[in-house]
Amino acid sequence: MGAEVVTVSTDTQFTHLAWQRHEGELAAVQYPMGADVTGRLARQFGVYNEATGLAHRGSFLIAPDGRLMAMEVTADNIGRNIDELMRKFKASLHVARHPKKACPSKWKDEGDQTLEPSAKIVGRVHDALQG
Amino acid sequence: MTTSETSPLRIGQTVPDFQLNTYDPAAQDFAVFDLEAQRKDGKWTILFFYPADFTFV
Chain A
1 MGAEVVTVST DTQFTHLAWQ RHEGELAAVQ YPMGADVTGR LARQFGVYNE
51 ATGLAHRGSF LIAPDGRLMA MEVTADNIGR NIDELMRKFK ASLHVARHPK
101 KACPSKWKDE GDQTLEPSAK IVGRVHDALQ G
Chain B
1001 MTTSETSPLR IGQTVPDFQL NTYDPAAQDF AVFDLEAQRK DGKWTILFFY
1051 PADFTFV
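Chains as they are written, first to last, in the working numbering: chain A, 1 to 131; chain B, 1001 to 1057.
Note that these hints are calculated values from the structure, not bench results. Here a beta-carbon is modelled for each residue, glycine too, at the ideal position from N, C-alpha and C.
List time: in silico EDC-like cross-link candidates among lysine to aspartate or glutamate, alpha-carbon distance up to 16 Å:
#1 A:K100 to A:E116
#2 A:K108 to A:E84
#3 B:K1043 to A:E4
#4 A:K88 to A:E4
#5 A:K88 to A:D109
#6 B:K1040 to A:D65
#7 A:K88 to A:E110
#8 B:K1043 to A:D65
#9 A:K90 to A:E110
#10 B:K1040 to A:E4
#11 A:K106 to A:D83
#12 A:K101 to A:D112
Not the full set, but computed from the structure, chain B residues with beta-carbon under 7 Å of chain A:
#13 L1009
#14 T1014
#15 L1020
#16 D1024
#17 A1026
#18 R1039
#19 G1042
#20 L1047
#21 P1051
The following block holds chain B by itself, in its conformation from the complex:
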């Protein structure tokens, strides 16, 4: 288990790069979100966690 798994990220810390399989409604297709690509494009990212599909968000 790595440190990042035992102690959650705090303000000001650098978020380790990650990839996430996605469904992209705009393209109506599956895709991959890649934080490293976001950084290289100079883009901001907002992660919006919610408990489960088919419930209110």
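Chain A extracted, bound-state conformation:
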């Protein structure tokens, strides 16, 4: 498993360096810090704030084949939960390996119950989840 995490803002890589070295909270951060100075990438993902020139808080999961698998965008001052992002990542890995399976909302990790969407469980998801 493993995904490369890249943090992105409209700051330059030079500002990223200065911030990472200055801010003690970031001492342990090992992720590459991307410089989207023109906002081109943020615009592509729909998170560029034209009024401020800054990016909204948005997380995007991209599969090895380049497909966009999950996205989450929050309004100002609403932090994101890394556990939920990792859950989506693990679920994406699971369904990539098992294309007929679905990971329901309560699925957290390998071994948890999955569903196999079919005519049989239409209207009977509750029963299917009871196993």
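With the hints as your guide, set chain B onto chain A.
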């Protein structure tokens, strides 16, 4: 202006290849992130946008 600039990416769409200048704290050096290289290595990518350095993320 291309289509990708006017209409944001949606779920299931293929993200166009891009490169991004980075500062890599692990190497304590500047580098370039390249989505095409990620694809060729069979790797997943998580992009984590935030408004600005020197604020909370």
